[in-house]
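K.L.:
Sequence:
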Amino acid sequence: YGSSTAGGPNFNPGNTVMVVTRISNNQLDLWVNPSSATATPQLTHNKGWSTFEGIGLTSTNASDRPFLMDRIVVGETFQSVVSPTGDPQPGNLPPSVSISSPSNNAIFTSGSNVTISATASDSDGSVSKVEFYQGSTKLGEDTSSPYSYTWSGVPAGSYSLTARSIDNQGAIGTSSEVAITVSSPSGPRDAFSTIQVESFDSQSGIQTNSVGIGYFDAGDWIRYNNVDFGSGAASVEVNIAVDNNYAGDQIEFRLGSTTGTLVGTLTVAGTGGWNAYQVQTATITGASGTHNLYLVGAGGEGIGNVDWFRFVAGGASNTAPSVSISSPSNNATFTSGSNITITPRPAIAMEVYRK
5 YGSSTAGGPN FNPGNTVMVV TRISNNQLDL WVNPSSATAT PQLTHNKGWS TFEGIGLTST
65 NASDRPFLMD RIVVGETFQS VVSPTGDPQP GNLPPSVSIS SPSNNAIFTS GSNVTISATA
125 SDSDGSVSKV EFYQGSTKLG EDTSSPYSYT WSGVPAGSYS LTARSIDNQG AIGTSSEVAI
185 TVSSPSGPRD AFSTIQVESF DSQSGIQTNS VGIGYFDAGD WIRYNNVDFG SGAASVEVNI
245 AVDNNYAGDQ IEFRLGSTTG TLVGTLTVAG TGGWNAYQVQ TATITGASGT HNLYLVGAGG
305 EGIGNVDWFR FVAGGASNTA PSVSISSPSN NATFTSGSNI TITPRPAIAM EVYRK
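In our numbering, each number is its position in the sequence shown, counted from 1, plus 4.
Because the hints were derived from the structure by calculation, they are not lab data.
Each residue gets a CB set at the ideal place from its N, CA and C atoms; glycine is no exception.
Not one of these hints is a red herring.
With beta-carbon atoms standing in for the labels, derived distance ranges:
#	residue 1	residue 2	range
1	THR289	TYR219	26 to 32 Å
2	THR289	ASN213	28 to 34 Å
3	GLY191	ILE344	55 to 61 Å
4	ALA222	ILE176	40 to 46 Å
5	GLN211	SER105	24 to 30 Å
6	GLN211	GLY290	26 to 32 Å
7	VAL316	ASN96	55 to 61 Å
8	ALA251	GLY95	51 to 57 Å
9	SER328	PRO192	35 to 41 Å
Throw the hints in and build the complete structure from the sequences for me.
P.N.:
Right, dumping it as C-alpha cells:
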C-alpha cells in the first residue's frame, strides 16, 4: 500500500493487513485516520531496529475506529500487521468447496470412469462454477449444483484431485487434496471390448488429455498388458481425430514389443480437426491368444488424438486342410482311354493336377 493506506481498501473484523513502507532518517511515524495533515503521529519509532510486540493504539478521534498493532518487523522494509475492529464495510469473501467423492486414498482399476463430486457455497454471494483439477491440470468444470465431473478411462497411476470454486465476484476457494490410486487390471483384457486408450500400462512420448491421448508422433508407443485375442481378430476399430494436414501417418499394432510381430497398420485419414473424432478401421492378421499389445507411431508428427480402440473377432490363423486320395491306389494300372475316378478324403473340394 505504499506509505499510506488513506483511501485504501476496507477490511473485515479479524482480517490481517500488511503495510509495507520505506523509511528515512531512521524514523517511522504512523497515523491511524488522522484528523488533519498536522496531527500528531500515534506511534513514533526512532530507536534501534527491533521487533515490537503488543503495541496498542487507540485513536484520538471520535469518528475513528480502534486498531491493535500486533507487531512491527523492520529490516530493509517495514512491515506492520494491523487487526481492525469495529464495523468496516465488508469485502468479498471467497467461497468454500470440498470434494465429497471419491474418498481420500480410494483405489480404482485402470480404464475406470472416476466421478469427482464437490459441494460449494458462498456466504456473501453465489458460486459461479466449480473447476476440477488433477495436480495442476484442469480436468473440467460444472456451473450448477450438484457439482461433478466424470474423468473417463483413467490410466494406472497415483493422482491428487482438488476442486476450485469461483464466486460471482471472482473470488476463489480451493478444496483439500484427495489422493486416489488407479491400478492395472489383474486379469487379461478382452480385445473385443472397447479399450479406452488412456488406460495403458506404460507409454513413451504421448500425453493424456480430457478425451484420451494426444501428441502421438512417430516413435512413440503405448503398451497394454495381457490383451486376450481369443481364437483371432479380423480387424481393429479406432476412434481418432486427425487434422487434415497430418493425414497419412500410421499406427502399428504389434505383439510383445515395439518391434514385435506386426499384426496390423492403420493409416490415418484426416477427420477435419483435432477434436473431430471418427471411427477408422484396419485389417488385423495373426493375432490370437494373449499378448502384450503395443500401439507404435510411424510416419511423422501429429498422428492423431485417440479416444478408444477395439478389435473385431474372426481372424483366426489360417491352417491348411488335410486331404488324401482314397482311390485309385498308388501305382494302379489302367488302359489308355479309360475314365479314372479320383476320390479325395475328406471330399470338400478338389483340384486335380497331372504331372
